[in-house]
Amino acid sequence: MTQFNWSVINFAWVPILPLIVVGAGAMGVLLAGVETDDEESGALGILSIALFVFAAILTMLLFSGPPSLTFSGALSVSSYSAYFELLVLIASAMTALISVEYAADARLPGAEYYALLMFAALGMMLMAAADDLIVIFLGLETMSIAVYALAGFLRRDPRSNEAALKYFLLGAFSTGFLLYGIALIYGATGSVKLEPIEAALSRPATDNALLLAGLGLLLIGFGFKVAAVPFHMWTPDAYEGAPTPITGFMAVGVKAAAFAAFVRVFMVHLAPLGPQWTTVMWVMAALTMTVGNLAALVQTNIKRMLAYSAIAHAGYILVGMTAVDSPRAGGAILYYLLGYVFTNLGAFAVVVALERRGARQDDIADYRGLATRHPMLAAAMALFMLSLTGVPPLAGFFGKFYIFSAALDAHLVWLTVIAVLNSVMSAYYYLSVLIAMYAREGGVEPEPMRTRPALVAALVIAAIGTVVIGLFPQPYISSATGAFASALNRAPHHHVVLNR
Amino acid sequence: MGGSWLTAVIFTPLLGALFVLAQPEERATWRSGFIFSLIPLAISIYLFMAFDPSQAGYQFVERAAWIPQFGISYHLGVDGISLFLVMLTTVLFSLSMLYSGGGDIATRPREFCFFMLVLEMGLLGALLAVDLFLFYVFWELMLIPMYFLIGIWGHGRKYYAAFKFILYTMLGSILMLVAILYLVAATRAHLGQLTFDLPELYGVPLSHSEATWLFAAFALAFAIKVPMWPVHTWLPDAHTEAPTAGSVILAGVMLKMGTYGFLRFAIPLFPEIAIEAAPLFLALAVVGIVYGALVAMVQPDLKRLVAYSSVSHLGFVMLGIFALDPQGVQGAIYQMLNHGISTGGLFLLIGMIYLRRHTREISEFGGLWKSVPIYAAVFMVVMLSSIGLPGLNGFVGEFLILLGTYLSKSLAAEVGVAGLILGALYMLYAYERVMFGPITHAVNRTIADLNARELAVMAPLIALMLLMGLYPRPLLSRMEPSVGALLGRVHAAQARIDGEHREAHALAALAEAKSVAPK
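Sequence lines, in order, name chains C and H.
Here our numbering is used: position 67 in the first sequence is 67, and no number is missing along the way.
To convert, take the position in the second sequence, counting from 1, and add 1000; that gives our numbering.
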């Protein structure tokens, strides 16, 4: 009779406290929901925000700690994971803040809504910390299933149903690719953990064909999640149909989490194979930017426009990944995502502000004349659009600047030229919104903002973030570069006891 | 030197912009906007007085770390090249604000003043930045308010014009950003550290093809802004559809950012390539001079005529710059100021008549001399300044440019003179059709002459035209050392090229001698 040896699995609870807070909090919110009506869902929203903030504070305390592997090397707790966990928590808290009045107005069942949001956040945080392909997969599924349900949350709206179904089918399909890739890589290297995989790369015995096939499938799987061309087809419909705060969450949170895993797998552990995958990545980056921007040019619906814009921005980040040879590329991507979280969520918050109960008012034409009726709302939208265009001194500008300079470090001159030309193209559709708001007449009247304090708070936070991160990027650059460096540093194993 | 004068001159307009927005009383907008535009004017006059004409380098320097990870600093300075453009900017902004308050801008004055003042900040910042990153930030920043000025307060196809303007300019400037980043990366390889500081980027060893590409990227960005033929096509639309103040700033200051860019960045960073490319730029400049003049001649719309005349006049500036000769470059800087004053004045005058008649068609006028004599007289002085009548400012600039060009590139100068004659021709022809002859339209009999505000706008411009035409010395003396330093870099590059040639010749001769010898 052998007893299970608990020391095989090393439990280090402290580093995963933020995850525990969010996971337990999600269940708590569900339970609390039993006692509350749908009209009072705002209280649950505030509760979830408080939990997100608490988890964020815990994460910050862990930020500067030494990197360590825990749970037998399944989770790597470092400032890299902390950075992405913070991004996810900021995105989730902002989404909840944007949702407070939206969910109450639409009489959405608050307990389920906020609990799903928190479960999705939990999955994202798991992806940020995972150092094991299977754990990445677990996090991805936890996140995805929650987001599928959230996308279809407006049950009586056929567009929302369509969004959920499309997102689910294509998402499930892409998960298959990812899983197949993991299996092939396991076959080639004998491990699903990232460090042993990396170690296996240099062994002559490793089956290269199998490995490369697995790598290709992983690329497709991640490509779906970050909406890279040609795996982007689901994005516009899913973004248009989903409840608007969730669209923002998908564009920002899902993307950040997917890139957390994508960057760690490819730029840290598969970097030795760089010559093999950067060519593909080069093409993917160029296509993603160009297709995203070209399609965005002709959109008349703002959510679809922002969907294609999100595709284009994934393309800029892929430029950073292609520049894996540059020591600055990792920091550039991490910084870029930070600015993107604030800017894009801000833009979606404005879209939410313009929606009225029961009526979707999300055509760009609806924004006409907004500047005369709601100057502050229009000014905020202008700020976010300019940041997305990449106009200095906003966060979007410095993010692009950082990525392009990394790309030039890696001698990707032509890819950088393609990227900047795309950036000019994007100016057209972002600035169209400005012209609609400032120079044209007509449009729709939003709900009075004074009845929506949470939304105003979200807008203010997003606007401050967009300006401050761009104008004084210094501390954020330091955090981003430090975080990426910590992923590169081989983390010392945390009391690993192996019984042989 | 002490003090934060340059920071003050850049950011008082921003303060003013925020003040105007926050002000509860909309009626007071114009007054506060105007007052806030006077403060930078006063500071720039102080800078002019306190400027040491014997120094070639930057003065009133301010420097602080901004983004140390990238070697980016908040580094400001003014030299003999930028000093006068700063003054031109502050003068034209004050006058534009004064003029626009008189009825030209009927709607949303608060936003108008806001965008104008932000634009002023962008322009001043770009002129005073010594750090390339800082320069780029201001350079891009100035596009947005101008886009709004055209898009909101413009006429006719204003959306089209606004988009065309911003997409053209962004296209050029973003390729310049790539060039800046590339240059910085090359500098790091050379110096071992990242820096965006302009003086440190001088003399970075680059291969010939690298330097050519980088120069091309910088030159494209600036050539679009100037605009040089054949990338000028955004200009007629933007100028024509913009509100009067927008046209004044666009023509008066913004175009100069292109020529300034050549002087400050493209030429001193890549002097060898600039020397090699000079014939091309001289040719394009000459084509621009003649083309602009010919197209201006057939324009039925007064504002479009002046817009095309800008293409022609800026061709002169480019001619002077690429003469790469002290007289030529000083003349070019002088001509930038002249063009700002005289074309700015012309746009203001056209705005005034448009306000009265709501048309700018030349055929709608005729015989205005009889009904609005003061207007006609002022128009005449400004026009004569524009065509370079001796005694007025335009003459000094054109004379210096042609002198400088003639010494080294006589053919370009000769064609340039032909352009000068054409310039006089289309201006005088237009003037004749508008002002002389019988009054063909009855409405023109009853229009009002210039009012006090309009006179107050025009008087400083006319005073400057006379002053700069009769007494150019204080300006030229302040330019001289900085221009000398710039050309010093060019001459050093020329010497290097000559040295290489001589060496190559010697080697070739040696090789020939060797191959001949055994026989």
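Keep in mind the hints are simulated off the structure, nothing from the lab.
Certain hints may be false.
[What the hints assert, rightly or not] Chain H is faced by these chain C residues, among others (derived, beta-carbon under 8 Å):
#1 ASP157
#2 ASN161
#3 LEU165
#4 PHE173
#5 VAL391
#6 PRO392
#7 THR416
#8 ILE418
#9 ALA427
#10 TYR428
#11 LEU431
#12 PRO473
#13 ILE477
[Claimed, not checked] So the derived label-pair ranges between C-beta atoms look like this:
#14 H:ILE1035 with C:PHE472: 53 to 63 Å
#15 H:ARG1157 with C:PRO158: 38 to 48 Å
#16 H:LEU1407 with C:VAL280: 55 to 65 Å
#17 C:VAL460 with H:ARG1157: 29 to 39 Å
#18 H:ALA1008 with C:ARG156: 34 to 44 Å
#19 H:ARG1157 with C:VAL467: 30 to 40 Å
#20 C:VAL413 with H:ALA1495: 29 to 39 Å
#21 H:ILE1447 with C:VAL460: 49 to 59 Å
#22 H:ALA1511 with C:PHE472: 57 to 67 Å
#23 H:ALA1008 with C:GLN276: 49 to 59 Å
#24 C:PRO158 with H:ALA1008: 39 to 49 Å
#25 C:PHE472 with H:HIS1208: 53 to 63 Å
#26 C:LEU61 with H:ALA1022: 57 to 67 Å
#27 C:VAL467 with H:ALA1050: 47 to 57 Å
[Said to hold, decoys possible] Sample of chain H residues at the chain C side, in silico, Cβ under 8 Å:
#28 PHE1148
#29 LEU1181
#30 LEU1411
Since this is a predicted model, take the numbers as computed values, not measurements.
Just so you know, even glycine gets a beta-carbon here, dropped at the ideal spot from N, CA and C.
Hints, one by one, checked against the model:
no. : hint                                : in the structure
1   : ASP157                              : violated (34 Å)
2   : ASN161                              : violated (37 Å)
3   : LEU165                              : violated (38 Å)
4   : PHE173                              : violated (37 Å)
5   : VAL391                              : holds (6 Å)
6   : PRO392                              : holds (4 Å)
7   : THR416                              : holds (5 Å)
8   : ILE418                              : violated (10 Å)
9   : ALA427                              : holds (6 Å)
10  : TYR428                              : holds (6 Å)
11  : LEU431                              : holds (7 Å)
12  : PRO473                              : holds (6 Å)
13  : ILE477                              : holds (5 Å)
14  : H:ILE1035 with C:PHE472: 53 to 63 Å : violated (30 Å)
15  : H:ARG1157 with C:PRO158: 38 to 48 Å : holds (40 Å)
16  : H:LEU1407 with C:VAL280: 55 to 65 Å : holds (58 Å)
17  : C:VAL460 with H:ARG1157: 29 to 39 Å : holds (37 Å)
18  : H:ALA1008 with C:ARG156: 34 to 44 Å : violated (60 Å)
19  : H:ARG1157 with C:VAL467: 30 to 40 Å : holds (33 Å)
20  : C:VAL413 with H:ALA1495: 29 to 39 Å : holds (31 Å)
21  : H:ILE1447 with C:VAL460: 49 to 59 Å : holds (51 Å)
22  : H:ALA1511 with C:PHE472: 57 to 67 Å : holds (60 Å)
23  : H:ALA1008 with C:GLN276: 49 to 59 Å : holds (56 Å)
24  : C:PRO158 with H:ALA1008: 39 to 49 Å : violated (60 Å)
25  : C:PHE472 with H:HIS1208: 53 to 63 Å : violated (39 Å)
26  : C:LEU61 with H:ALA1022: 57 to 67 Å  : violated (39 Å)
27  : C:VAL467 with H:ALA1050: 47 to 57 Å : violated (34 Å)
28  : PHE1148                             : holds (6 Å)
29  : LEU1181                             : holds (5 Å)
30  : LEU1411                             : violated (36 Å)
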